[in-house]
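A.B. asks: Chain by chain, the residues:
Number of protein chains: 2
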Amino acid sequence: MVGMRDVAKEAGVSVSTVSLVVNGTGYVSDDMRAKVEAAMHELHYIPNELARNLYRNRTNTIGVIVPTILHPFFATLTAHLQREFARRDLKTLLCSTADAATGESEYVNMLQRHMMDGIIMAAHTEHQPDYWTSIHRPIVAFDRILGEGVPSVRSDHETGGRMIARQLIGSGARHVVLVGGPRSQFAEGTTFPTVRYHLTVERMMADAGIACDYVEAGSVTDVVAHEATAAAIFERYPDVDAIVGSDVVAAMALQEAERRGISVPANLQIIAYDGTMAAELAGKRLAMVRQDFAGIAAALAEQMDQQIEAENGSNHGAQSKSAEQVDAGESAQPGQVVPVSFIAGETTR
Amino acid sequence: MVGMRDVAKEAGVSVSTVSLVVNGTGYVSDDMRAKVEAAMHELHYIPNELARNLYRNRTNTIGVIVPTILHPFFATLTAHLQREFARRDLKTLLCSTADAATGESEYVNMLQRHMMDGIIMAAHTEHQPDYWTSIHRPIVAFDRILGEGVPSVRSDHETGGRMIARQLIGSGARHVVLVGGPRSQFAEGTTFPTVRYHLTVERMMADAGIACDYVEAGSVTDVVAHEATAAAIFERYPDVDAIVGSDVVAAMALQEAERRGISVPANLQIIAYDGTMAAELAGKRLAMVRQDFAGIAAALAEQMDQQIEAENGSNHGAQSKSAEQVDAGESAQPGQVVPVSFIAGETTR
DNA sequence: CTGAAAGCGCTTACAG
DNA sequence: CTGAAAGCGCTTACAG
Chain W
1 MVGMRDVAKE AGVSVSTVSL VVNGTGYVSD DMRAKVEAAM HELHYIPNEL
51 ARNLYRNRTN TIGVIVPTIL HPFFATLTAH LQREFARRDL KTLLCSTADA
101 ATGESEYVNM LQRHMMDGII MAAHTEHQPD YWTSIHRPIV AFDRILGEGV
151 PSVRSDHETG GRMIARQLIG SGARHVVLVG GPRSQFAEGT TFPTVRYHLT
201 VERMMADAGI ACDYVEAGSV TDVVAHEATA AAIFERYPDV DAIVGSDVVA
251 AMALQEAERR GISVPANLQI IAYDGTMAAE LAGKRLAMVR QDFAGIAAAL
301 AEQMDQQIEA ENGSNHGAQS KSAEQVDAGE SAQPGQVVPV SFIAGETTR
Chain X
1 MVGMRDVAKE AGVSVSTVSL VVNGTGYVSD DMRAKVEAAM HELHYIPNEL
51 ARNLYRNRTN TIGVIVPTIL HPFFATLTAH LQREFARRDL KTLLCSTADA
101 ATGESEYVNM LQRHMMDGII MAAHTEHQPD YWTSIHRPIV AFDRILGEGV
151 PSVRSDHETG GRMIARQLIG SGARHVVLVG GPRSQFAEGT TFPTVRYHLT
201 VERMMADAGI ACDYVEAGSV TDVVAHEATA AAIFERYPDV DAIVGSDVVA
251 AMALQEAERR GISVPANLQI IAYDGTMAAE LAGKRLAMVR QDFAGIAAAL
301 AEQMDQQIEA ENGSNHGAQS KSAEQVDAGE SAQPGQVVPV SFIAGETTR
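For the protein sequence lines, the chains are W and X, in the order given. Going by UniProt numbering, the first sequence opens with residue 1, and the numbers climb by one from there. Going by UniProt numbering, the second sequence opens with residue 1, and the numbers climb by one from there.
Be a bit skeptical, because a hint or two may be false.
One copy or two, it doesn't matter: identical chains are merged, so the pair holds either way.
Below are the SDA-like pairs computed for lysine to any residue, each with C-alpha atoms no more than 25 Å apart in a straight line [stated by the list, open to error]:
hint: 1; residue 1: Lys-35; residue 2: Ala-86
hint: 2; residue 1: Lys-284; residue 2: Ala-228
hint: 3; residue 1: Lys-9; residue 2: Gln-112
hint: 4; residue 1: Lys-284; residue 2: Arg-166
hint: 5; residue 1: Lys-284; residue 2: Arg-259
hint: 6; residue 1: Lys-284; residue 2: Val-224
hint: 7; residue 1: Lys-284; residue 2: Glu-346
hint: 8; residue 1: Lys-35; residue 2: Arg-113
hint: 9; residue 1: Lys-284; residue 2: Asp-239
hint: 10; residue 1: Lys-9; residue 2: Ala-344
hint: 11; residue 1: Lys-284; residue 2: Ser-263
hint: 12; residue 1: Lys-35; residue 2: Pro-129
hint: 13; residue 1: Lys-284; residue 2: Gly-261
hint: 14; residue 1: Lys-35; residue 2: Ser-16
hint: 15; residue 1: Lys-284; residue 2: Pro-238
hint: 16; residue 1: Lys-9; residue 2: Arg-113
hint: 17; residue 1: Lys-284; residue 2: Gly-218
hint: 18; residue 1: Lys-9; residue 2: Tyr-55
hint: 19; residue 1: Lys-9; residue 2: Asn-57
hint: 20; residue 1: Lys-284; residue 2: Ile-262
hint: 21; residue 1: Lys-284; residue 2: Ala-101
hint: 22; residue 1: Lys-284; residue 2: Ala-86
hint: 23; residue 1: Lys-284; residue 2: Phe-234
hint: 24; residue 1: Lys-9; residue 2: Tyr-45
hint: 25; residue 1: Lys-35; residue 2: Gln-112
hint: 26; residue 1: Lys-35; residue 2: Pro-339
Just so you know, these hints were derived from the structure itself, not from any lab.
I would like the entire structure built from these sequences, with the hints used as guidance.
C.D. replies: Laid out in structure tokens, this is it:
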């Protein structure tokens with residue numbers, strides 16, 4: 001491998017000068033620069049980033065922790081994050097917890113070994129908040145609260161829930177089934193994300209006197225399970241006339257409805273939550289609440305930038321500084337909130 | 001940051017000894033080891049991987065170049081690759097060309113700067129084979145030929161095409177429409193992947209005297225375009241009774257068919273090629289040719305391992321060694337071929 | 001403007 | 001079995 005030393009020798013200058021030329025920093029006379037550039041070309045010199053990384057203690061890499069990108073929701077999130085990071089000269093390391101036996105801790109470990117500069121945490125975690133705050137390296141959470149000092153970004157699920165409820169009430173729904181994650185996760189302080197829109201819908205259905213049941217979908221990792229879930233809904237609630245769930249659940253529910261000869265939207269309305277491409281592939285154009293993935297990714301990247309800058313600035317107090325900023329202007333639940341939108345489709349009345 | 005030096009001082013030993021303990025290499029007496037481990041705990045020592053990387057000139061990171069993981073095909077491929085790499089203690093860097101203005105060359109550059117140990121190339125490229133062979137670093141191609149010495153893995157598209165043709169002939173299809181990439185890419189020596197199954201189907205349709213037209217789908221990056229493509233098929237070929245295309249195209253074709261009141265499969269058969277989750281979300285269970293993503297990922301990772309090992313072994317002749325091996329046993333077209341399977345569904349007769 | 005030197009944090013021959 | 005030394009390839013004060 002040809003290094004700076006070889007270039008310096010070839011050009012008859014010192015290694016420092018070569019470095020200055022390569023980086024375009026400091027002042028170098030024109031003929032020096034010319035000599036160095038000639039030598040670099042001659043030897044096909046390519047700088048080795050690893051040495052820089054060591055010196056700077058930086059990799060310019062961010063780990064994105066998701067359950068799996070097999071699920072369109074996380075594929076979409078990850079794709080948008082990668083785009084945002086690329087814009088900021090940051091690389092994206094794919095960290096999926098579905099395969100990793102150790103879950104996310106393996107990736108946290110990598111963060112501490114300086115294999116990456118920060119982590120976006122978008123997977124479920126069993127750890128308590130103090131675990132996350134004790135890491136003292138850049139972490140930004142998506143759609144979950146990991147504790148004080150860990151900034152977080154999420155969609156405005158309350159509004160999402162309200163949009164859905166309004167649609168259902170306005171169209172005269174009588175028996176709504178909500179599909180979501182394990183109900184045990186609905187406790188106060190859960191890091192589970194979709195809770196908020198479900199609770200909002202349930203409350204508004206209760207207020208409007210509309211029946212509303214909840215069905216637990218299989219793990220986000222297991223796509224096949226959603227098919228069984230869809231069938232189970234119709235078995236358990238034969239008079240269901242509205243189903244609300246993630247894109248994948250909604251698509252499978254529609255497929256199952258057609259199979260059973262239930263006409264949509266006349267006798268059954270379906271609303272998808274998330275608004276990824278998955279919703280567009282279904283049998284009909286699904287009505288949906290769409291999360292603003294571009295906006296979410298931009299906010300996450302912005303927070304990450306701040307975390308990294310804070311770490312570089314002062315080793316002490318870096319965390320608390322960003323924590324203050326994030327909390328500012330928000331109500332009880334901290335974190336930055338990104339608006340959602342309702343997209344009409346062929347599956348609502 | 002606490003480093004080995006601090007640990008050594010705390011334990012009253014040399015840095016070398018600490019290194020031996022940390023790595024578990026060489027012989028260290030039990031009490032030395034105990035002292036060092038105590039000191040590591042005491043100081044919360046965590047090794048800095050960057051220094052190791054520099055010494056070893058390795059990052060244990062593989063770049064996976066795809067157009068975009070927004071498309072389920074590449075999301076699926078990438079997810080499976082990540083799993084395979086994780087198994088081998090390799091990290092996966094997400095490299096999507098859709099956003100990168102410079103296309104894949106940015107990532108090739110990173111490879112040369114040793115920011116990663118190798119690249120899986122699964123995106124379209126305009127570069128000529130000599131570009132790829134001149135890189136002299138570990139590269140493995142998916143579903144395309146990048147030139148001598150660049151190993152490649154692909155599905156058995158010829159068999160995929162034969163399976164489709166057999167189904168169409170057996171069910172009495174009369175007018176088939178194939179949807180695929182730009183026809184200009186069908187020239188000899190193209191790196192475009194799906195060509196093979198299309199050509200096989202076309203040949204077999206011609207032999208059987210069945211009408212067969214070809215429609216160009218929008219870019220793989222642009223999902224919305226597929227919707228327009230689906231509509232265009234019915235406009236242009238009102239008597240079409242079979243459509244073959246990627247999962248996404250097939251799903252959109254089915255949606256459009258329902259919208260037009262065309263009954264599937266009675267009057268229109270639809271066969272999806274790829275077999276990702278996207279195919280399962282459609283209005284009906286799509287019949288499909290499924291690519292074996294797990295098998296593909298395993299083969300790619302295996303080839304990558306060999307490339308990396310070859311590079312470490314000898315700087316000279318590393319490429320040629322693997323090239324020989326890859327070509328061995330294959331016919332005209334080099335590369336490792338992974339079987340596909342036909343999955344029956346609700347969209348064929 | 002240019003060069004010699006120290007250093008990023010670790011690993012690995014090489015002496016003892 | 002343990003330590004002093006050189007080195008991975010680069011960057012950055014610091015003298016000149």
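A.B. asks: To test your reading of the hints: which numbers does this structure violate?
C.D. replies: Of the numbered hints given earlier, those the structure breaks are 1, 10, 12, 21, 22 and 26, listed in rising order.
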